[in-house]
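Residue numbers (the working numbering), protein chains in the order written: chain L, 9 to 225; chain C, 14 to 262.
Simulated from the structure, these hints should not be mistaken for lab results.
There could be a bad hint or two in this list.
[Stated by the list, open to error] Below, computed lysine-lysine pairings styled on DSSO-like, alpha-carbon distance capped at 27 Å: (1) 58(L) - 125(C); (2) 83(C) - 134(L); (3) 58(L) - 256(C); (4) 125(C) - 112(L); (5) 246(C) - 89(L); (6) 125(C) - 216(L); (7) 89(L) - 261(C); (8) 83(C) - 128(L); (9) 213(C) - 89(L); (10) 112(L) - 115(C); (11) 83(C) - 58(L); (12) 72(C) - 84(L); (13) 84(L) - 27(C); (14) 125(C) - 89(L); (15) 125(C) - 84(L); (16) 54(L) - 83(C).
Keep in mind it's a predicted model, so treat the numbers as computed, not measured.
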Amino acid sequence: GILSRKMSIDTYNGSSMIGMIGKDCIAIASDTRLGVQLKTIDTNFKKVFKATDHCLIGMTGLATDVQTLASVFRYKTHLYKLREGEEIRASTFSNLVATTLYEKRLGPYFADPIVAGLEKDHKTGKIVPVLATYDLIGCYQKCSNFAVGGTSQNMLYGACESYWKENMEPDELFEVISQCLFSSMDRDCLSGWGAEVYILTPEKLIVKRLKSRMDQF
Amino acid sequence: QNQIGQADISMSRKYDRRTTTFTPEGRLMQIEYALEFINKRVPTVGILTKDGVILGAQKQQKSKLLEVEKHSEKMYAIDDHIVLSASGFTSDANILIDYARKAGQEHYLTFKEPLPVEQLVQLLCDRKHYYTQFGSSRPIGVSFFYAGYDRYLGFQLYCSDPSGNYSGWKAHCIGSNNVNGKSMLKDEYKEDMNLEEGTKLTLKVLCKTLDTTNPKAEEFEIVRLTLDEGIPKISTLDEKEVKDYLEKA
Chain L
9 GILSRKMSID
19 TYNGSSMIGM
29 IGKDCIAIAS
39 DTRLGVQLKT
49 IDTNFKKVFK
59 ATDHCLIGMT
69 GLATDVQTLA
79 SVFRYKTHLY
89 KLREGEEIRA
99 STFSNLVATT
109 LYEKRLGPYF
119 ADPIVAGLEK
129 DHKTGKIVPV
139 LATYDLIGCY
149 QKCSNFAVGG
159 TSQNMLYGAC
169 ESYWKENMEP
179 DELFEVISQC
189 LFSSMDRDCL
199 SGWGAEVYIL
209 TPEKLIVKRL
219 KSRMDQF
Chain C
14 QNQIGQADIS
24 MSRKYDRRTT
34 TFTPEGRLMQ
44 IEYALEFINK
54 RVPTVGILTK
64 DGVILGAQKQ
74 QKSKLLEVEK
84 HSEKMYAIDD
94 HIVLSASGFT
104 SDANILIDYA
114 RKAGQEHYLT
124 FKEPLPVEQL
134 VQLLCDRKHY
144 YTQFGSSRPI
154 GVSFFYAGYD
164 RYLGFQLYCS
174 DPSGNYSGWK
184 AHCIGSNNVN
194 GKSMLKDEYK
204 EDMNLEEGTK
214 LTLKVLCKTL
224 DTTNPKAEEF
234 EIVRLTLDEG
244 IPKISTLDEK
254 EVKDYLEKA
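Build out the structure end to end from the sequences listed, making use of the hints.
The following block contains the structure:
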């Protein structure tokens with residue numbers, strides 16, 4: 009139905025998202041609800057996208073901008089690969105996100121991305137996780153532990169702060185990120201209706217679909 | 014009599030300064046000169062088979078002092094489903110290839126679908142044609158072979174020249190000795206060829222145009238566009254594979 013209260017553009021569709029760093033791995037999780045204010049219209053809406061085999065980008069905010077930005081990033085990363093002959097690295101991509109958002113400084117995309125990727129340090133050979141979050145005009149913020157976004161952002165901060173710890177292996181990382189997401193998502197009427205969790209290790213990408221409370225409240 | 018710059022018998026030289034001027038015989042000399050250059054370049058062969066398109070070219074002999082190149086100088090992927098082979102001025106080719114790559118991504122951004130092959134050919138040809146009618150620029154001195162796949166027309170092979178004209182081909186050959194190459198293709202190409210037979214024929218034609226009795230695998234560059242479980246794939250034959258085909262050809 010049409011609400012009489014004044015709505016905000018960044019809570020129009022609803023979303024929850026977490027990015028978390030583990031030991032030589034990184035995870036990103038989001039809910040899968042698409043709503044029009046309080047009405048749910050899709051329970052299988054994709055908000056996390058593959059930028060490359062080693063980098064994921066998830067976006068919260070206005071759903072149409074989430075989709076358009078996903079297409080814009082596909083455009084830019086494909087051109088990069090054709091010109092450079094290799095896939096864009098996670099840290100390079102995280103800068104590309106910031107500049108792409110700033111291109112629309114005076115008429116922004118109403119989306120807040122979280123970039124989660126892995127790359128190899130060329131000098132030491134060590135796996136370096138890349139986790140970054142941005143505001144809608146590209147303020148680039150590197151994170152060393154976790155990044156959160158969406159309509160349940162404040163609750164997510166609290167949950168992650170309590171349960172995140174350093175050097176979690178992929179299995180434990182999966183548990184922690186899922187529980188943090190669920191506990192906050194379930195309290196937010198604009199997020200929920202299922203979750204997708206992506207765990208990225210140097211060898212593979214594991215994607216899990218989770219069933220949460222399938223209701224609004 | 015043989016002085017360069019003197020008016021020759023056909024008087025073409027008086028009309029060759031600009032592309033925007035025809036000769037009395039109705040020729041555009043700048044375009045013809047560009048084609049002359051391309052016909053002296055390394056031979057390139059394109060063959061269309063029912064399960065893929067093959068592009069083959071001679072790798073130009075390079076100085077040992079040159080750094081090892083990361084990318085090929087001749088074969089360029091435009092998107093996942095189109096690959097071009099460029100003959101002529103590499104610097105001219107590079108501009109058009111970047112334009113083609115952008116066009117491919119622009120199309121996908123709007124339609125969420127790969128750019129149909131003939132549309133790409135037309136975009137590049139229109140660009141090339143522009144320089145034959147307007148301004149004081151010279152034509153773009155490149156001929157392209159386009160190998161591509163789309164869901165509308167399947168596997169396709171096209172060839173365009175500096176004038177901006179293009180044609181669709183089943184098999185074609187450009188560069189030095191292309192007359193020999195073309196006659197061999199006319200005799201030996203069959204429409205129901207498969208990828209293996211097509212690759213063998215590509216190498217056979219290249220050996221003939223190269224005029225060598227002792228072909229070496231590292232002299233050739235063969236690129237193939239095929240479908241891998243329904244998804245277009247561009248692959249380059251490595252030296253060992255080329256050697257195997259040379260022995261069979």
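Original post:
Is it true that the CA of residue 112(L) sits at most 27 Å from the CA of residue 115(C)?
Top reply: 20 Å, holds
Subject >> 27 Å Cα cutoff - pair residue 54(L), residue 83(C) >> reply: 36 Å, violated
Subject >> Restraint check for residue 84(L) with residue 27(C), where alpha carbons must lie at most 27 Å apart >> reply: 48 Å, violated
Original post:
Under the criterion that the straight-line Cα-Cα distance not exceed 27 Å, is the pair residue 125(C), residue 84(L) satisfied?
Top reply: 14 Å, holds
Subject >> Pair hint residue 89(L) and residue 261(C), alpha-carbon separation not exceeding 27 Å >> reply: Not OK: residue 89(L) and residue 261(C) at ~35 Å, beyond 27 Å, violated.
Subject >> residue 83(C) paired with residue 134(L) [C-alpha distance capped at 27 Å] >> reply: Holds - the C-alpha atoms of residue 134(L) and residue 83(C) are around 25 Å apart, at most 27 Å.
Original post:
Is residue 72(C) close enough to residue 84(L), meaning Cα to Cα at most 27 Å?
Top reply: 31 Å, violated
Original post:
Does residue 125(C) pair with residue 89(L) here, judged by a C-alpha cut-off of 27 Å?
Top reply: Status holds; Cα separation ~18 Å.
Subject >> Restraint status (C-alpha distance of residue 125(C) to residue 216(L) at most 27 Å) >> reply: Satisfied, since the Cα-Cα distance of roughly 26 Å is no more than 27 Å.
Original post:
Are the Cα positions of residue 246(C) and residue 89(L) separated by 27 Å at most?
Top reply: 15 Å, holds
Subject >> Satisfaction of hint between residue 128(L) and residue 83(C), Cα-Cα up to 27 Å >> reply: 20 Å, holds
Subject >> Restraint check for residue 213(C) with residue 89(L), where alpha carbons must lie at most 27 Å apart >> reply: Roughly 31 Å between the alpha carbons, so the hint for residue 213(C) and residue 89(L) is violated.
When each numbered hint is compared with the structure, violations occur for hints 3, 7, 9, 12, 13, 16.
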